[in-house]
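Keeping the supplied structure of chain D fixed, place chain C upon it in accordance with the hints.
Protein chains: 2
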Amino acid sequence: MSAVVPPSGFASLDPLVRPRSVAVIGASDEPARIGGRPIAYMKERGFAGAIYPVNPKRATVQGLQAYPSIDALPEAPDVAIIAVPAALAIAALDDLGRKGCRAVICFTAGFAEMDDAGALAQLEMTAVARKHGIRLLGPNCLGVFNDAIRFYGTFTASFEKGWPVPGRIGIASQSGAYGTHIFSAALDRGIGTQVCITTGNEAEVALGDVLGWMAQAPEVDVICAYAEGIRESEQFIAALDLARANRKPIVMMKVGRSQLGGAAAKSHTASIAGDDAVTQAVLDEYGVVRARTTEEMLDIAYAATRRIYPAKNTLGVLTVSGGAGVLISDAAEAAGVAMPPMPEEAQAKLRALIPFCAPRNPVDCTAQVTNDLKLISTFAESVAADGGYTSILSFWSQTAAGRSLGPKLHEIMKGVREAYPDRLWVMSMLAPNKVREYEADGWLVFEDPSRAVVAIEAMGRFGAAFAKARTPQAAVPLPQVALPGTTPSEAVAKSLLAAAGVPAVPEHAASDSEAAVAAAEAIGYPVVLKILSPDIVHKSEIGGVLLDVADADAVRHGFGLLLDRARQHAPAAKIEGVLVAKQIKGAVEMALGVFRDPVFGPVAMVGLGGIFIEILKDVSFRRCPFDTAEAERMIRSLRGFPLLDGARGRPKADVAALARALSALSAFAAAAGPRLAGVDVNPLLVLPAGQGCYAADAVIELA
Amino acid sequence: MSAVVPPSGFASLDPLVRPRSVAVIGASDEPARIGGRPIAYMKERGFAGAIYPVNPKRATVQGLQAYPSIDALPEAPDVAIIAVPAALAIAALDDLGRKGCRAVICFTAGFAEMDDAGALAQLEMTAVARKHGIRLLGPNCLGVFNDAIRFYGTFTASFEKGWPVPGRIGIASQSGAYGTHIFSAALDRGIGTQVCITTGNEAEVALGDVLGWMAQAPEVDVICAYAEGIRESEQFIAALDLARANRKPIVMMKVGRSQLGGAAAKSHTASIAGDDAVTQAVLDEYGVVRARTTEEMLDIAYAATRRIYPAKNTLGVLTVSGGAGVLISDAAEAAGVAMPPMPEEAQAKLRALIPFCAPRNPVDCTAQVTNDLKLISTFAESVAADGGYTSILSFWSQTAAGRSLGPKLHEIMKGVREAYPDRLWVMSMLAPNKVREYEADGWLVFEDPSRAVVAIEAMGRFGAAFAKARTPQAAVPLPQVALPGTTPSEAVAKSLLAAAGVPAVPEHAASDSEAAVAAAEAIGYPVVLKILSPDIVHKSEIGGVLLDVADADAVRHGFGLLLDRARQHAPAAKIEGVLVAKQIKGAVEMALGVFRDPVFGPVAMVGLGGIFIEILKDVSFRRCPFDTAEAERMIRSLRGFPLLDGARGRPKADVAALARALSALSAFAAAAGPRLAGVDVNPLLVLPAGQGCYAADAVIELA
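Protein chains in written order, with full-length UniProt numbering: chain D, 1 to 703; chain C, 1 to 703.
Pulled out of the complex, with its shape left as it was, chain D reads as follows (with noise of 0.2 Å):
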């Protein structure tokens, strides 16, 4: 699907981040407070552009020519920052608006996130700045920062413990606290954050803007983003893949995950949380990782500043210790990275050099290497030539750190490194003094190895995103969808996803028992026998459902035990009759279904029937239309998955049809538009490879 980027582009925030002037609305002569903070950031580091203090009581603040109003002020600023109280806010926007500005920060809280006359207050604010087609961040924000230019919209007393040091990461958060929480933490590992953005509470500007803002800004090579809630997914999908296609990675923390979580969120603030896993859904789909700590997210961050992103990453590990080769080799298969053994020459080659060393990978060189040194060199240039890995992890422990051979160790890797410098390099090592050495010899260093493993992962993830993104694959075509005007039947839902291409049970609908004899010669015994009515949506619960009905005189008696437990179970219903249906045997039972997101739309699920879905939540969730051969991807992400696959016996399931059915599924529910507030086919039987499936029921609900 081609992205919809929207009609102004997110370049429409370039005067909330890269502004030449700034008016700040209730600008206070005091450093330390709200309305001081943004003025005496910027006099401090050097803003090359015009602020404008507003100050009706005041001639000068901090020394600036101050201005009585809005309307005082020389010219339009690009951007304004509003640190007024909530009741002057709105009029204060309106000032700006009028006045020509078109990118505003409102600090000001007291609106949504307080009550429902706040929440009111905030709908007005809205429309105040689309009357006037201003870019509003907020309100209840902390505002933004862009080193880039000094420029320091934001009341954040982050700085206190220091400047934003050089590097492109750009923070994108809906909570202040929270971003410049990573900024800080990032600041003291010595990672560089040049642009950060919060949302607070998202009346006109949202995370999807921002984020889109990022990803065509050259001021940004990473995305750190943090949400609790996703507002809005038209400009967000367009952001991520806009991200995917400029490669630039995001490594995300939504919060919520958890049903506690969930319900702190809610507290927390107008979110509409969202069910997390179609938010996961979304997020797998364009390459964002998700990180699970802030400390994961960093991580992650840290190693995408090198821009190595494999797509079809492979680990090759050295390593001084045996130990560490066990334990990173755990780490490796639980985060999914491949760790494919040295080639059978090259093992060779380094056991003629080292009888006791194990270079299969991970390829323990034996402290042995120490001494050495030439040793450690041909070890490393091994794993990187021979091995051909995209990613290399090397563990010396405090080895590395030792008064004699710290040194030359440095000296044969930076060697190594330089040699083969596509590779994401990696050092794991207990040495604090020489962490700034390797880093600026184009090195990751990681003093945990496990820590390594994660984010050498999500770099493979990305590279597999980025690659994803440049071979586009061609639009799921949409079927014609005519929904009925109400609750259609099974049998009219059935040979509606039929037309569409999810097959159904061969079946025929007869109004009389010689009519069901019939159709059920026509199909074969054993047949089964449904009562037919578009009141009767579970049938079975009434004992609508007869099951191997074996012969012409069993096909009489169960038209009519059918008719009377319907008359008895649901005596208004409108009976149609029965349907005769084929009777399948041996298929694997799924389960696909629709549901409508209320922010990314129709989403698609497939799962094993039964416990599977109802008791082990073992489902995979897409957003529609998708292809066959991402419905395929999702089939085999379930942990039921070897059922289909010939586990206990079983002939293989015909894993290609199920997966053309689902993505057919998908496509109707995006033609079907939002008047299609659910789908379930319950059970989808799934026959031996070859075979096809079909739909032996379906269920659609319209909204």
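In short, the hints are calculated from the structure, not lab data. Note that the structure is predicted; figures quoted are calculated from it, not measured. Don't be surprised by glycine CBs; every beta carbon is placed ideally from N, CA and C.
Covered, in the sense of this in silico footprint (three residues per stretch, anywhere, with C-beta under 8 Å from a C-beta of chain C), are these stretches of chain D:
1. 291–301
2. 614–623
Dumping the calculated DSSO-like pairs for lysine-lysine here, alpha-carbon to alpha-carbon at most 30 Å:
3. 539/C x 652/D
4. 539/D x 582/D
5. 434/C x 374/C
6. 57/D x 99/D
7. 99/C x 57/C
8. 652/C x 539/D
9. 43/D x 408/C
10. 585/D x 652/D
11. 408/C x 161/D
12. 161/C x 374/D
13. 434/C x 161/D
14. 582/C x 585/D
15. 582/D x 585/C
16. 585/C x 585/D
17. 161/C x 414/D
18. 434/C x 434/D
19. 585/C x 539/D
20. 99/C x 131/C
21. 539/C x 585/D
22. 652/D x 312/D
23. 652/C x 617/D
24. 408/D x 161/C
Just chain C now, with coordinates in the frame of chain D:
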């Protein structure tokens, strides 16, 4: 079960770790050589005991009088270090034994880790040690240090980075490189290791001995252990038991968890890697916390240095950022730490102070508190006093580092902690300059709150294990078991198990068809018929099981059919007739089993039947025997447990009866002795609560 402490007791390692005199065989005048380092270290740090260098070529070594031979030593040293080539090591060991030395540390490599000849030499070394009653550490080990007495019987180069700092961590490691890596990584964090013992090839002293010594040694409060494979169970189990009884937490890195890692572990050492699931079950049994990464090991060891281990751990969170609160809630749910809400009255009290705070738990006091510092104190006090949490995590991001607020916050927090010194107080902040100050006041400090949560969870797990040790369970009574001479038939297997407390489905053996009919009439229809033969183990594979046998005629027909099939598919089998069994419907199918682990002996397993075991590996293990309470814990730990607990509209299953059967099976296995190779009870049919459970099939395999 009461622990079996070896006859000599763990204190038999005292001379190894707390010697009053040390001989170094192969002593070197060069302080950087393997035979020189221990002497150099002990001289530099002032070891108070005698040091006897043995070197036939020198009169002095590093300024100390040298001795030409072991025989020439003025006394039998408490401990001797062997640092001579492999060819001379065994003779040196024998000489030491004759001299009267009873503790030896063997640095020398070239034994079982090398090749078969080395393995043979190592066996000889073990025999020599045993002959003299020597406790032998190594060979191929990095040695021991005990900083309390400045004894450094090790050639590690780690001390180049710095000497141990005060602290009471004990490191017990099979790998020398990894053991000193942990020491060095802990040192970088300011965590003090007092004792470090590396076991190398474990020719005599194994990891269990070392853990046991630490469990009773006052030098050690907290144990960090590293293992690649556990070689013997008796001392190991006794050590875990003693450590638990003495409230000494063990955090263990056991590598080889993955298939990849398992392969690497085998090429790295001669370990019996054992089944990782069994090791995990043993560690769980004694409350050993298994670290997933080195960093996690250090985090947990660091947290344990406070020696606060809440048996019923609850977490209260005080945060200045709502976003961080959500993130911490997610982490707590993932780790399994309970975060009960604050009492309603306390919430109301806090809400009266800051209307827009979120006082539930996490207690988000909002940045508002920074305007009125008394509020911080009130909020923190309320979390401790009103919330009553055993662990309290306080998140302050970079606020704690602020020039103005930082010192004031510190003073407030110090006061609150002092009022509630029994709680585990944890600070999460970005204030590297403040860490040591908070630690000095008794706080734990973690930059990343997610890591703090993982460490807090571990403290609760230790506490629960220590509490369990205080209320020892009654010994599980073992039944009388007389195993037959050859593999028993299904009927015999079931009667053996039934006698031991695992009930079987009502059934009778019938040698002719009329006896089968009589049995069926007694049991009640429908029945199941199964071929009865000691030679046919897997009946269903030859069509030897008939279900739904509904009346006398069907029994007669089935009897003949089964005999025909048996003659056709297994003509040589001895056929004893058929089994007639009650057919049970509507039960949950479980699988129970026993297998013999080469290290830990009989291990019982429980899982839900069918795909749960075969595809999802959803099983729980435990060493035999164990009581019904433990059996029920195993059952409840299954992911598929909801199937037993009334999911999908089922009645709740008889979990109590299932637990009794599982515990009884474990007692049977423990009583049966080593001839019992395995037991499979599959399926075990569990009826609704109060109706019991029945083994429908059972196989007993003999060695």
